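Residue numbers (this note's numbering), protein chains in the order written: chain A, 838 to 1040; chain B, 1303 to 1595.
FYI, nobody ran anything at the bench for these hints, they're computed from the structure.
Don't take every hint at face value.
No more than 25 Å apart at the CA atoms, straight line, and that leaves these computed lysine-lysine pairs for DSS-like [what the hints assert, rightly or not]: (1) 1458(B) x 987(A); (2) 954(A) x 1513(B); (3) 921(A) x 908(A); (4) 1497(B) x 1458(B); (5) 1399(B) x 1478(B); (6) 954(A) x 908(A); (7) 954(A) x 1399(B); (8) 1458(B) x 1445(B); (9) 1399(B) x 1497(B); (10) 1478(B) x 1445(B); (11) 921(A) x 987(A); (12) 1492(B) x 1478(B); (13) 954(A) x 1458(B); (14) 1497(B) x 987(A); (15) 1497(B) x 1478(B).
Fair warning: this is a prediction, and the values are worked out from it, not measured in the lab.
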Amino acid sequence: MRAATQVFEGGFADSVLGSQEIFRALMDAMANPGRIVSVGDLAQAPSPLTPVAASIAATLFDHDATVWCDKPIKASEAALGWLKFHTGLELTNDPAGADFALVTDIDNMPSFDAFAKGTSEYPDRSTTIILQVAGFEAQTSLTLEGPGIKGTQAFSPSQLPRMFTEQWAANRGAFPRGIDLIFAGNGLLAALPRTTRILNKEA
Amino acid sequence: MTELATYNFAYLDEQTKRMIRRAILKAIAIPGYQVPFASREMPMPYGWGTGGVQVTAAIIGPNDTLKVIDQGADDTTNAVSIRAFFQKVANVPVTTKTTEATIIQTRHRIPETALQAGQTLVYQVPIPEPLRFLEPRETETRKMHALEEYGLMHVKLYEDIARHGHIATTYAYPVKVEGRYVMDPSPTPKFDNPKMHNSPALQLFGAGREKRIYAIPPYTQVVSLDFEDHPFEVQTFSQPCALCAAKGSYLDEVILDDKGGSMFVCSDTDFCEERQAAGHRGHLSPAQAEAAE
C-alpha cells in the first residue's frame, strides 16, 4: 500500500511550468559548463532518487526516451514505479542503447565506453548521463575550458566517476561523438557537455 | 459568455516540448551540428518562422521578456504577428528594447546593441544545411559533415573570386564553429557574422520545414570561411543613417519617390530609435526638417 502511494505522489505541482523551470536550468547549465544552477526542489520521488534527479527525469523523459537505470534504482520497486508512472519512459538494460542514463551509485557505474557515443553521421544519438551527487563543494577542483566558458571555470562536484580525467579526455578525443553529463545535486544542478576540456592533470 | 478554448502554455503540447528540449540540449553539446527533430505544424505556414517559433515555445517561461525582430525591425508583419502569438499563448511580457529582452527571436539580423550574458537569440532558419546548394543529397552532406569534408565550400568561395574578383557571398555566409562544423548562420547579412563570435549570449537556430535545430553556446569560436589572400570582410556603407546619423550600423535602402530618390536607414529599428531619443539626428530626420522650416 505504502509503495503504491509513493509511486503516484510527488510529481510536479505544476507540470507545465515546473518542467519549464527545470529545463531552463538545464539549458543554462549545458550552455555554461560547470556553472552551478539552483532549482527549486519541485518533484519528490522515492529513494534512491533525489528531488533534483527526479525533476530532471520528469522534465526530459517520456515514451520516446530510452533510459538506463543503475542497480540501486532497479532494486527499488517504488523508484522504478515512480519513473514509469510520472514519465512513461522506456527502460533498457543496454547502456549502449540508452538516450539517458540515471546513475545514483557513481563509484560502481560502468565506464563511459559502455554508453552510446553516437555515430559520426549522427553524434546526437548518444547517452546523456545524469549523475546524482551530494553537492558541488569538493576539496579537489577541476579547471574547465571550452565553448560556453569565458576563460576558465572551476568545478568541484562531490563525486566523480572512477578515472574521471582519463575517461573524460578519451570522451573529448572522440568529438563530435561522445557522452554528455548532467550533475544533479541538492537543489542544484550542473552539466558537462562533450566539448568541455579539463585543464588540470594532477586532480 | 462561454470560455474560449485555451491552449497549453506556449501553444505546444508537453510531449512536443520535451522532444524539442532534448534536441536543444544535444545541439548545445555539439556546437554547429544540426540535430534532427520532429517539427510540428504550427498555425502559420512554413517559411514564416515555424522553426524559431517552436524553439521559443519550448524554452519560454513566465519570467521571460520576448523581443521579435524581422530584418532588424520590430514593426514588420512577421515580427508583429509572432510577438502577438506569444502574448496570446504564453501571456509573456514583450518589448522592443534589445537590452530588456531575455529571449530575442530573429529573422535574419543580429541586433546592433551587443547582447548580454543570459540572453538567448533564437534564429528562424529557412535552409540549415550550408552545403545544400552544392550537394542536394542529405545522405552525402551528412557524410561530408561526418568526415569534416568542406573542400566543396571553399571551391564555391574560390569560384566567387574567379568570377567577381572577390567573395561575392553577402548573406548566409558560411562559418566554422569551434574549428569543427561548417554552419549556415541563416540568411543574416555577413555584416552580422563577427557578432556571433564569442558572443556572451546563447544562440539557438530552428528550421521548421527542414526539421533541424542547432546551436552556438556562449563564448564559442565562430570563424567566417575565407582565404589568406582574400580575408573575410563585411560590407561598409558610404553614408551614415539618414535618421540617426549612425556610422557602422547595417543600413536598409528605402525608396522615397519614383524619381530615383532613396534614403539609407538603420535596419535595427530599436537601435535607431534609441539613438534618436538620445538626440542623434540624421540629415533626413523629421526633427531636423522641422528645425529647418
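We went through each hint and held it up to the structure:
1. For the hint pairing residue 1458(B) with residue 987(A), the CA-to-CA distance comes to about 34 Å; that exceeds 25 Å, so the pair is violated.
2. Distance hint between residue 954(A) and residue 1513(B) is fulfilled; the C-alpha atoms sit about 22 Å from each other, no more than 25 Å.
3. Note on residue 921(A) and residue 908(A): the hinted pairing holds, with a Cα-Cα distance of about 16 Å set against a maximum of 25 Å.
4. Between residue 1497(B) and residue 1458(B) the CA atoms are separated by roughly 24 Å; this keeps the pair inside 25 Å, and the hint holds.
5. A distance of roughly 30 Å separates the Cα atoms of residue 1399(B) and residue 1478(B); the hinted pair therefore is violated under the 25 Å criterion.
6. Distance hint between residue 954(A) and residue 908(A) is fulfilled; the C-alpha atoms sit about 22 Å from each other, no more than 25 Å.
7. Restraint check for residue 954(A) and residue 1399(B): the C-alpha separation of about 42 Å exceeds 25 Å, so the hint is violated.
8. For a cut-off of 25 Å, the pair hint linking residue 1458(B) to residue 1445(B) stands: about 19 Å separates their Cα positions.
9. Simply put, residue 1399(B) and residue 1497(B) have alpha-carbon atoms about 18 Å apart, close enough for the 25 Å limit, and the pair holds.
10. Taken as a hint, the residue 1478(B) and residue 1445(B) pair is honoured in the structure, with Cα atoms around 17 Å apart against an allowance of 25 Å.
11. Distance hint between residue 921(A) and residue 987(A) is unfulfilled; the C-alpha atoms sit about 40 Å from each other, more than 25 Å.
12. The suggested pairing of residue 1492(B) with residue 1478(B) holds, with an alpha-carbon distance near 13 Å, which does not exceed 25 Å.
13. At roughly 33 Å between alpha-carbon atoms, residue 954(A) and residue 1458(B) are farther apart than 25 Å, so this suggested pair is violated.
14. Between residue 1497(B) and residue 987(A) the alpha-carbon distance is near 16 Å, which keeps this suggested pair within the 25 Å criterion.
15. The hinted pair formed by residue 1497(B) and residue 1478(B) meets the criterion: a straight-line CA distance of about 14 Å does not exceed 25 Å.
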